[in-house]
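There are 4 protein chains.
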Amino acid sequence: MSKNPDGKQIKVGILGATGTVGQRFITLLAKHPWFTIHVLGASSRSAGKPYTLAVMWKQTTPIPSVVRDMIVRECHPQHFAECAIIFSGLDADAAGEIESAFRSADLAIFSNAKNYRRDPSVPLIVPLVNDSHLSIIPQQQALQNPPLKKGFIVTNANCSTTGYVIPLRALEKAFGPIESCLVTTMQAISGAGYPGVPGLDIIDNVVPYIGGEEEKMEWETLKILGGIADGDDGVKTFDMHARHPLRVSASCNRVPVIDGHTMCVSVRFQQRPPPSPQQVREALVAYTPVAQSIGCPSVPVHAIFVHEEPDRPQPRLDRYYQDGAGVSVGRVRQCPVLDIKFVVLANNVSIGAATSSIINAELAVLKGVVKVE
Amino acid sequence: MSKNPDGKQIKVGILGATGTVGQRFITLLAKHPWFTIHVLGASSRSAGKPYTLAVMWKQTTPIPSVVRDMIVRECHPQHFAECAIIFSGLDADAAGEIESAFRSADLAIFSNAKNYRRDPSVPLIVPLVNDSHLSIIPQQQALQNPPLKKGFIVTNANCSTTGYVIPLRALEKAFGPIESCLVTTMQAISGAGYPGVPGLDIIDNVVPYIGGEEEKMEWETLKILGGIADGDDGVKTFDMHARHPLRVSASCNRVPVIDGHTMCVSVRFQQRPPPSPQQVREALVAYTPVAQSIGCPSVPVHAIFVHEEPDRPQPRLDRYYQDGAGVSVGRVRQCPVLDIKFVVLANNVSIGAATSSIINAELAVLKGVVKVE
Amino acid sequence: MSKNPDGKQIKVGILGATGTVGQRFITLLAKHPWFTIHVLGASSRSAGKPYTLAVMWKQTTPIPSVVRDMIVRECHPQHFAECAIIFSGLDADAAGEIESAFRSADLAIFSNAKNYRRDPSVPLIVPLVNDSHLSIIPQQQALQNPPLKKGFIVTNANCSTTGYVIPLRALEKAFGPIESCLVTTMQAISGAGYPGVPGLDIIDNVVPYIGGEEEKMEWETLKILGGIADGDDGVKTFDMHARHPLRVSASCNRVPVIDGHTMCVSVRFQQRPPPSPQQVREALVAYTPVAQSIGCPSVPVHAIFVHEEPDRPQPRLDRYYQDGAGVSVGRVRQCPVLDIKFVVLANNVSIGAATSSIINAELAVLKGVVKVE
Amino acid sequence: MSKNPDGKQIKVGILGATGTVGQRFITLLAKHPWFTIHVLGASSRSAGKPYTLAVMWKQTTPIPSVVRDMIVRECHPQHFAECAIIFSGLDADAAGEIESAFRSADLAIFSNAKNYRRDPSVPLIVPLVNDSHLSIIPQQQALQNPPLKKGFIVTNANCSTTGYVIPLRALEKAFGPIESCLVTTMQAISGAGYPGVPGLDIIDNVVPYIGGEEEKMEWETLKILGGIADGDDGVKTFDMHARHPLRVSASCNRVPVIDGHTMCVSVRFQQRPPPSPQQVREALVAYTPVAQSIGCPSVPVHAIFVHEEPDRPQPRLDRYYQDGAGVSVGRVRQCPVLDIKFVVLANNVSIGAATSSIINAELAVLKGVVKVE
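Those protein sequences? They're chains A, B, C and D, same order as listed.
Going by my numbering, the first residue of the first sequence is number 1, and it counts up by one from there.
Going by my numbering, the first residue of the second sequence is number 1001, and it counts up by one from there.
Going by my numbering, the first residue of the third sequence is number 2001, and it counts up by one from there.
Going by my numbering, the first residue of the fourth sequence is number 3001, and it counts up by one from there.
Simulated from the structure, these hints should not be mistaken for laboratory data.
Glycine included, C-beta positions come from ideal geometry on N, C-alpha and C.
Keep in mind that a hint or two might mislead.
As the list claims (entries may be wrong) - List time: in silico EDC-like cross-link candidates among lysine to aspartate or glutamate, alpha-carbon distance up to 20 angstroms:
id: 1; chain 1: C; residue 1: LYS2049; chain 2: B; residue 2: GLU1308
id: 2; chain 1: B; residue 1: LYS1049; chain 2: C; residue 2: ASP2323
id: 3; chain 1: B; residue 1: LYS1031; chain 2: C; residue 2: GLU2309
id: 4; chain 1: A; residue 1: LYS58; chain 2: D; residue 2: GLU3309
Said to hold, decoys possible - Partial selection, computed: residues in chain A whose CB lies under 8 angstroms from chain D:
id: 5; residue: ILE203
id: 6; residue: ASP204
id: 7; residue: LEU317
id: 8; residue: TYR320
id: 9; residue: GLN322
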């Protein structure tokens, strides 16, 4: 079992522990080499009950024994004071206030909610892409009143954004700026939570619309793939890929798939002539994110697995490979309109949600951003 | 009941009458105001049997009484000599030889097969788009040896091509040439025929590949939307949209939907500035193909129905509107990379297959290309 | 168009007009030969809006023009005073009070809700089975305070019960009492209303449980197939099949099907030896309910359609036959444990819901139970 | 890692290695503590190719490295001479001749095919039920010409039979003979192999018929749950549960589920009064098959897992529990017609197919029926 820098078990709490993302956090953290589940938080309706009675468990593996009889708490900071890390799987309507209160209590939150993604001092981190954005944390802490020593919020991206920015980052690293990107998604229903999409709306159907999703993808991509600019006044700002303007057009669809977002992506590079499909395949295979090189335990062996078969990736066959922690790319070929097109598959409940938060926390531990006592 | 020009019932034959497309031909023709089903042709395995015993009927309405006891014939021209029109629902592996033999016997064939779509003297007609291409027929007849008086082959397009070229044609008519088009399809399994896609491959899945489909869409679009050029030698040729080169990039996916192809389309116009989304909506609503204005009985009231709701069209709700003879468009909006993007839904077994052949035949009757005695 | 006894258009109102059952009522009544939609009732949230803006329309045909601009009313009797018939598609949590208030206002209600099905003076009528139970209406009217002249409540059965009691009734009519019946259902998700069953719970899944459903089927069957006993005191009571006790065992399952409940049924007759499968088939084909013989316009030609193919009925192929107003039976064969087993398919949103209420109203008109002025 | 009696690796071969069952054998055997995959056999079309090129791999885990480059052989006994055990995943049309030839070559075959299930000297073994039937093997060997020393055929049951005979066996062990059993299945499409059920036939549908399946279930149940009778002539015969005649009625349906057969079962016991639901639950939980007590490594901890939640088992949530090697039972309750009813879920590709063959082989090793050198 891999060791964290200090060789200690790190106590973690989970907010929204009875929800879909919370259940996924529990499933993953129950077998984590560093993190120990210490507190489970949920709404007042669940508080006071043992977890087994509070939850409507929907995972395909049983409830881990370590949490079965744990008494669920309300989401108040005092119950989580001993936790070095808080994972939040809260719904957006609750996350805003609760996460703010937890940060004010000097707690470190890794959130899957959308509420603070656009905050200019909160990093939006896809762990296989832009771990460097953790450098904004001191500024975030300084801006609080009173300034914080340990507390902060780190968010991860929307499940549809996460999957395709990983290959985009690999391509920009190898070939320089991407100028435009057109992406059409075919998204799994688990991305909408539970109960989520009614069966009547999705069996034998496609819904060519997901409220707010296209705008999220188009905006988040710029924050994630952009850098951090240092202002003359010493203030850091996310540059939104501004030095090399990147135009993104997303079309988002819901399809009758349980887990796994499939996306058709076309890109145009600034560099002329653009790379060939074979060069693109090689760059994707070669991509090694920092999270791999510094040894985050939840990182997959293949950040990007490149398929050679003409009909892959497919969600049903490929979504659980490497526990869903990497992404699959296939059908890399020329695009007659832009330069290169390919298909991406990302497991929206793993790398698209809980796994991202967990690797973000691992990065923060290894980089000393989370203080482990 | 509408009258054809001569007020006569027109005898028609159906090739491949027991297959999926053949069954759809029968369902539609059994209630057609002009056409009378006169002969059913199928493989030697079915020949000699009454239709009811030869077919594994998969339509949701019962076998029409007019064909129930009709004895199925082999696909030899002598059985079809009395037919003014032959509809072909043959598979590609049989269509090449049989359709050629029928044409040599001076019969008029409207084919759903792909075999002759690329023939330089065979028109590839989407009836709500390029009926003008019927003008190549005399040249086709003259090229046969001996030259033909009545026989010819007209093909209709691949089901995925058909749906999206209708709005593209409406846009070119209103705003001039389209310069590039990027289309991502989510195609129904009925497009692959029967037995077609195994359930194990498609339930809870997306298959991001359909062999040959992308190439078909990219090529057929040019032939359909292009014009006919008159050479100095008096020879007509399809110009493949050459005067205004059009780049098309298609990404084709199979999704767990029974009927109805959904497509996300982005286009860039040559005209600068491009039309606004509202202008595009109005042009789509206003589009009136020739087949409507000259009174083809199977043409829908709305060639293009434009939805205002944000989440439409959807295959399960919209595919049977107008008996699937028109197309639905929704979500017309700006594309940050090209100019305009929108969603198209087309019923692949109706306007995408049998209905196209039937309207093509109606056009040929009204234009005098088919000689009705 | 068929005439009602008095040749007049009959004004009807619809309660719960924006819900799933209400939408089905509208679709069917918009083309009804006798009934004219006069008032639409819904919750206060919808009241005051034109129907088009109040409803989230989920039918596969467009909103009928006759109701598009009709202003939705609250479910208060005064708005419905001119209606000779009220159809109720209300949810169970609202139906109890509202239907009672409407009856008190001397209105005739045909309800699809479960609230009054077990009331000893309310008939539970499957229109192709037990129209004779309308004879309890005078007693129901007399029991109200003050007694009513025109008002009453008639309920129809649960969608799963409806389908299989039709063949059971045909069998009892031909062969005498059934002694025991074991039925296993595979029910469509539309039976649970909208939003109903989450997609995450039913795609690639079977849920072997529907709360309360088995108990409903076991109880309702007895009320429907039983007679009405006249007590010494002149009081009529439903005899619950008591003279020939009937044991029913139901196992109810939800399957990933949009519309159409499929059921595997085994029965044991009192008569020894029991009828043969061929005799059973003939009895099912021959069954002619009163609603057919007296000319209810919404009754199908075949109350029970008997399939000969070994693999029918199937929901996707057979559920819309005859507009879903009849039932399909197939695979009639010997049961090694009881006597005879077979498969039933019933369209749960048609004969299993709105169509039943409508035929019940037609029966009531033809029998003079509803007073048409 | 558990040890086999002799502590040696046992070489095994797989017939039909490229098919669906063969792929499952490979996935399971690649991590088996005793068995080493030594030869892969398939049709002449595949023979000579490395496995990776011969197979169209459809499992959700990658091809195990141990077989990736193994050259596929034709199914001739000489290639398998070094194998102590042969697993057969052959299709029925090939299994008859090939398995017979292998047995004649004195090889021990554990077959998933149906061909020899009804042979009076071939045991039909569900490993958690009737391992005692291995005692017929010496008679089978003696009947061959020339008599065999090591070769034999053991079959396992049809996937639908396997699941429900396990709880039936537990109930007979606890409460004595079952008199009648009525079972309705909702079977996954993977039970039909690949390509198997067309997507067009099963999406949004139920097919209430599987050719031959009901008869198989009704017959196999008697052979499996019956004993072996010793005739006066020393000849052993399967008694088909004859001392306590058992009537079985099966109704088999195909539903849109990838893996996992769900079954609704009602039973009547000979014992009066019958056991209560609670007694039945306890007997199911307590059931310990011989395969568990003697230490077969592939046996699950819970042969029968009994759910307390009202809506379980469900295929999507429960089919992969314990790697699909046990069965799940839920909803144990009284049956108003017979005595007790409940729901069974069995993973048809695991305990319903490959896992059964493997545990049968483990039993044969531990009992000395397979001679390990």
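Hints, one by one, checked against the model:
1. A distance of roughly 19 angstroms separates the Cα atoms of C:LYS2049 and B:GLU1308; the hinted pair therefore holds under the 20 angstroms criterion.
2. Of the pairs offered as hints, the one joining B:LYS1049 and C:ASP2323 is violated, with about 31 angstroms between alpha carbons and a cut-off of 20 angstroms exceeded.
3. Annotation: proposed proximity of B:LYS1031 to C:GLU2309 is violated, straight-line Cα distance about 26 angstroms (limit 20 angstroms).
4. The suggested pairing of A:LYS58 with D:GLU3309 holds, with an alpha-carbon distance near 13 angstroms, which does not exceed 20 angstroms.
5. Taken as an interface hint, A:ILE203 checks out: its beta carbon lies about 6 angstroms from the nearest beta carbon of chain D, inside 8 angstroms.
6. A hinted interface residue such as A:ASP204 counts as satisfied when its beta carbon comes closer than 8 angstroms to some beta carbon of chain D; here the least separation is about 5 angstroms, so the hint holds.
7. For A:LEU317, the shortest C-beta to C-beta distance to chain D is roughly 6 angstroms, which falls under 8 angstroms, so the interface hint holds.
8. The beta carbon of A:TYR320 comes within 6 angstroms of a beta carbon in chain D, closer than 8 angstroms, and the hint placing it at the interface holds.
9. Evaluation of the A:GLN322 hint against chain D yields a violated restraint, the C-beta minimum of about 10 angstroms exceeding 8 angstroms.
Going through the hint list in order, the structure does not satisfy hints 2, 3 and 9.
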